[in-house]
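Protein chains in written order, with the numbering used here: chain A, 1 to 419; chain B, 1 to 360.
These are computed hints drawn from the structure, not numbers from a lab. By construction, the Cβ of each residue, glycine as well, lies at the ideal position given by its N, Cα and C atoms. Any given hint could turn out to be false.
[Said to hold, decoys possible] Chain A side only, calculated, beta carbon under 10 Å to chain B, not exhaustive:
hint	residue
1	Gly61
2	Lys80
3	Leu81
4	Pro92
5	Phe158
6	Pro161
7	Lys262
8	Phe274
9	Val367
10	Lys371
11	Arg379
12	Trp385
13	Met392
14	Pro414
15	Pro415
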Amino acid sequence: MEEKEYALDVPVQPPQEYKSLFLPIPPEFVEEAYRKDEFVILVGPQHPGSGHMRLIVRVKGDIMTEVIPDPGYVHRAIEKLAETKLFIQNIPLVERPAIMDCANMCLGYVRAIEKAMDLEVPPRAKYIRTILAELCRIGTHLYDAGILAVFIGHTTGFMWPFGLREYICEALCRITGARVTASFIIPGGVRRDVDEKTLRFVEAVTYTLEEKLRKFEKIFVKNPAVIMRLKDVGVLDKKEAIKFGIVGPFLRASGVEYDVRKVEPYEAYDEIDFDIPVSDEGDSYSRFLVRVNEVQQSLNIIRRAIKNIPEGPVVSEGLIGKLKDKEKVGKDVRGYFFRLFGRMTVPAGEYTTLTEAARGTLLYTLVSDGKSTVPYRLRVVTPGWAYLKGFMEACKGERLADLQGIYGSFGYFPPEADR
Amino acid sequence: MSSEDIRFLHSGPLAPIKKWGTKWSLWPVHLVTACCGVELAHAYACGYDAERIGSLNYGICRHTNVIIVEGAITRKMAKVLRITWEQMPNPKFVIVMGACGLKGGLFWNSYHMVKPSEVVPVDFFVPGCPPTPEALIRAIVQLQDKIMSGEAKTSAEFKEVDLGKLLGVAKEVKPKKPPKSPKKVDPKPEIVIDKAKEVEWELGQKLVEDFQKKLAGIAESITITDVNRICVKVGRDNVLSAISKLADKFDHVKSVNVIDVPHENKFIVEFWLGCYSNKELMPVLVNVATEVPRDDPKVPSVAGIFPSADYMEREMHELFGVWFEGNPWMGRNFLLDPDTPKYPLRKDFKLEEDKFVVEG
Numbered sequence: 001m002e003e004k005e006y007a008l009d010v011p012v013q014p015p016q017e018y019k020s021l022f023l024p025i026p027p028e029f030v031e032e033a034y035r036k037d038e039f040v041i042l043v044g045p046q047h048p049g050s051g052h053m054r055l056i057v058r059v060k061g062d063i064m065t066e067v068i069p070d071p072g073y074v075h076r077a078i079e080k081l082a083e084t085k086l087f088i089q090n091i092p093l094v095e096r097p098a099i100m101d102c103a104n105m106c107l108g109y110v111r112a113i114e115k116a117m118d119l120e121v122p123p124r125a126k127y128i129r130t131i132l133a134e135l136c137r138i139g140t141h142l143y144d145a146g147i148l149a150v151f152i153g154h155t156t157g158f159m160w161p162f163g164l165r166e167y168i169c170e171a172l173c174r175i176t177g178a179r180v181t182a183s184f185i186i187p188g189g190v191r192r193d194v195d196e197k198t199l200r201f202v203e204a205v206t207y208t209l210e211e212k213l214r215k216f217e218k219i220f221v222k223n224p225a226v227i228m229r230l231k232d233v234g235v236l237d238k239k240e241a242i243k244f245g246i247v248g249p250f251l252r253a254s255g256v257e258y259d260v261r262k263v264e265p266y267e268a269y270d271e272i273d274f275d276i277p278v279s280d281e282g283d284s285y286s287r288f289l290v291r292v293n294e295v296q297q298s299l300n301i302i303r304r305a306i307k308n309i310p311e312g313p314v315v316s317e318g319l320i321g322k323l324k325d326k327e328k329v330g331k332d333v334r335g336y337f338f339r340l341f342g343r344m345t346v347p348a349g350e351y352t353t354l355t356e357a358a359r360g361t362l363l364y365t366l367v368s369d370g371k372s373t374v375p376y377r378l379r380v381v382t383p384g385w386a387y388l389k390g391f392m393e394a395c396k397g398e399r400l401a402d403l404q405g406i407y408g409s410f411g412y413f414p415p416e417a418d419r
Numbered sequence: 001m002s003s004e005d006i007r008f009l010h011s012g013p014l015a016p017i018k019k020w021g022t023k024w025s026l027w028p029v030h031l032v033t034a035c036c037g038v039e040l041a042h043a044y045a046c047g048y049d050a051e052r053i054g055s056l057n058y059g060i061c062r063h064t065n066v067i068i069v070e071g072a073i074t075r076k077m078a079k080v081l082r083i084t085w086e087q088m089p090n091p092k093f094v095i096v097m098g099a100c101g102l103k104g105g106l107f108w109n110s111y112h113m114v115k116p117s118e119v120v121p122v123d124f125f126v127p128g129c130p131p132t133p134e135a136l137i138r139a140i141v142q143l144q145d146k147i148m149s150g151e152a153k154t155s156a157e158f159k160e161v162d163l164g165k166l167l168g169v170a171k172e173v174k175p176k177k178p179p180k181s182p183k184k185v186d187p188k189p190e191i192v193i194d195k196a197k198e199v200e201w202e203l204g205q206k207l208v209e210d211f212q213k214k215l216a217g218i219a220e221s222i223t224i225t226d227v228n229r230i231c232v233k234v235g236r237d238n239v240l241s242a243i244s245k246l247a248d249k250f251d252h253v254k255s256v257n258v259i260d261v262p263h264e265n266k267f268i269v270e271f272w273l274g275c276y277s278n279k280e281l282m283p284v285l286v287n288v289a290t291e292v293p294r295d296d297p298k299v300p301s302v303a304g305i306f307p308s309a310d311y312m313e314r315e316m317h318e319l320f321g322v323w324f325e326g327n328p329w330m331g332r333n334f335l336l337d338p339d340t341p342k343y344p345l346r347k348d349f350k351l352e353e354d355k356f357v358v359e360g
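Turn these sequences into a full structure, and let the hints guide you.
Next comes the structure, spelled out in structure tokens:
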């Protein structure tokens, strides 16, 4: 029988919502998709998961052929505001992108200043910083595990990590005085010393967490339903992961052994022995597993840091050397803040630091002119922003129903990515 | 329903039952607008368990009756907030969490911020940065009281204290002058991005020699700025050829950065290259920098060589107006809302300055 083609009059005009919902994509994209019998679906910004961004998904059947991100819903202009605040005032600002990861966010910025001013950090302060950074790393991984559970509809899996996060919040509270926004790390050290009782408490927390995490593993990590949702979904192989510049645990899940704590050690990481979990699969489940194993490593790091913590001041000699009561200020900088940091200037030049934040490599570029008391330019590349491209590529070729699983497995946190 | 039916529901004999029903089923919609979402999640998790007072987060806005605005609302989000609010059935309530939602908080003078009270009618504010879960639960209880009694009350009222009496300070205080701002900004700063530093770094010396051979005639200068940091300055036309020559060793872009220097009429555009595939080169960052005039800011795009630079180029285009030739997204919005002023990160775009005031 002879085949014939019949033209059907299908409307290919982009719908009216195209304008009212301020889509950032060109109209030709929608028209072309309609002509090829594909659909353009908007996921978000208000979606049943957590964190809002819009994904413009083009589907053929239920296979995603293209995913375009529409970020910026939490763009609060950190880079511009940093140019209007004093160097020291920027510390609370730079930790706002990811407040559950406050110590790591802060650490990168503070290290850029220290690098510029050639400040030597006392060993005790280095250990306290390491403990804080690892506490925040565990907290963030737990947070992401909870959000992943929300995404794949596992309510118990949400309750457990957030219950465990309470321990982290309590530990942070006892060390710094704040549940999430600590702002505890300052150029040249930390704000005040941590007493023995608090350190013992933090150590006890690590053991409790370890025990509870074993139960969580039974409930969520090794749950067959979770494995079915995440296994072999959103695969990024090693070559792709490198090409798209993925960072952190997601890069390690694809088989690249890159961890800033190992390649360019900072703080006490070169004195403490730890492993970096690596997986070769590169799918959503291994991205999650790598972080589960990282929590275990972080617990070990905290224990070792508490065991080996040296005595001494916690504020740099280079800052307080000229003060009369430097013994007291070296343990607690309260009351001397304005005198030490109020009119601080940073030598001219450009300083770039890499930090391993919980979700990956965090890059700060600080440009100073040498005379102003504010930064000339502060470039912040948060891990979320760096792996966004890879996240979009991982979605391609997967089913639409797996989008949540992939989103959750990346732990994408829009406030962090948009800054 | 006719208007009479509605009036009957609101004030008829069944009204208390309706109020009671609303009181114990306050369902907030999933609308995590910013970082306060961390504490909101804690409030609904097992630690604080706000579900025991009949409040449960739910995914779809058409099934919910409360919005908890979690902190900062950006221009882009404001539209979404309004759309979400309009889709919810009546009676609906709004609780605003965090200092950013009140007066802007840390981001009060940002170019991309909106106050939620200008977008939707707000019932309760919860101050704090971020507020604790207890504070949020208190707001929900307060909202329940409002539903029953019909009027909103402040939950925390503080007695006024006469500080002079308390501390024994004499009443007559000299009029104070506001303190001088410690902020000092150099009007014509000198921006150096390749300040050489003497460091002991063998690999660096080797790399620099290698680069000098490879980039002969292309690179204007190659400097070691610190351990693991090399700065390569090239002309605008040589950016692509320099980066493609470095692409055999370095496999991704870590950051694309633009520095605006208005008094010298130039933009400094930087591409930070990193390496994942070679273990020895992993810590090394190479900064390929070029200078372009401000009135003709065109740079070739490297997204063709390194796809990881794509989104960062879009971002820099939006914030500075630098045109990356070859990137198909140029001239379009990516991160910012279409209503935002153009090129906000340029130095001539000024934000409102903070003032120092002495009260009383």
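Now for the hints, and whether the structure bears them out:
1. Gly61: Check failed: Cβ of A/Gly61 comes no nearer than 24 Å to chain B, outside 10 Å.
2. Lys80: Status holds, d = 5 Å.
3. Leu81: Given a least distance of 6 Å, the restraint on A/Leu81 holds.
4. Pro92: 6 Å, holds
5. Phe158: 7 Å, holds
6. Pro161: This hint holds: A/Pro161 lies near chain B, its Cβ roughly 8 Å from the closest one there, short of 10 Å.
7. Lys262: 9 Å, holds
8. Phe274: Violated. Min distance 17 Å.
9. Val367: Because about 6 Å separates A/Val367 from the closest Cβ in chain B, which is inside the 10 Å limit, the hint holds.
10. Lys371: Result: holds, 4 Å to nearest chain B Cβ.
11. Arg379: 4 Å, holds
12. Trp385: 7 Å, holds
13. Met392: 9 Å, holds
14. Pro414: At about 8 Å, which falls below the 10 Å cut-off, the nearest Cβ of chain B leaves the hint on A/Pro414 intact, so it holds.
15. Pro415: Where the cut-off is 10 Å and the nearest Cβ of chain B is about 5 Å from A/Pro415, the hint holds.
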